[in-house]
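Q: Sequence:
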Amino acid sequence: SNVYSKKFFEVQDYITVSNHSYLGYMVVVSAKFWNSLPDDIRNELTAIMAEATEANRRFAAEADKADRAKIEAAGKAKVVELTPDELAQWRKAVAGVEPQFEKQIGTDLLAEIHKLLGH
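Residue numbers (the numbering used here): 1 to 119.
Watch out, some of these pointers could steer you wrong.
[Stated by the list, open to error] Cross-link-like lysine-lysine pairs, in silico, DSS-like; alpha carbons within 25 Å at most:
(1) K115 with K92
(2) K6 with K76
(3) K76 with K65
It is worth saying that the hints were derived from the structure and are not from the lab.
All chains, full assembly: derive it from the sequences and hints.
A: What follows is the structure, given as structure tokens:
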């Protein structure tokens, strides 16, 4: 989506669809504030955030699809999809970096990211 909104497609000849990154956002509050809320409010907020997260993911997927269609219609950049073999090569090339992040973010979050990315 940034490729469209930032108009990168107007100045580059190729766009490689690698799906190599994940951009997530967090809602953060202090433990003191969170623990001061009644259980029913915390439960409701947790459910609302789960709904909002799923809605946001759907919206982002729709926006990406629409932006890609606009990029392709403009005819200025060729969109290249990686083959499964090419994608495997990319993953292999960067596999050594992942353990560094695992130490920082934990195995559970990393597993969730892999799940969301479909691998």
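Q: Determine for every hint whether it applies to the structure shown.
A: So, going through the hints one by one against the coordinates:
1. A threshold of 25 Å between alpha carbons decides the hint, and for K115 with K92 the separation of about 18 Å falls inside it, so the pair holds.
2. Straight-line distance between C-alpha atoms of K6 and K76 comes to about 14 Å, which keeps the hinted pair within the 25 Å bound.
3. A threshold of 25 Å between alpha carbons decides the hint, and for K76 with K65 the separation of about 17 Å falls inside it, so the pair holds.
Comparing the model with each numbered hint stated earlier shows that all of them hold.
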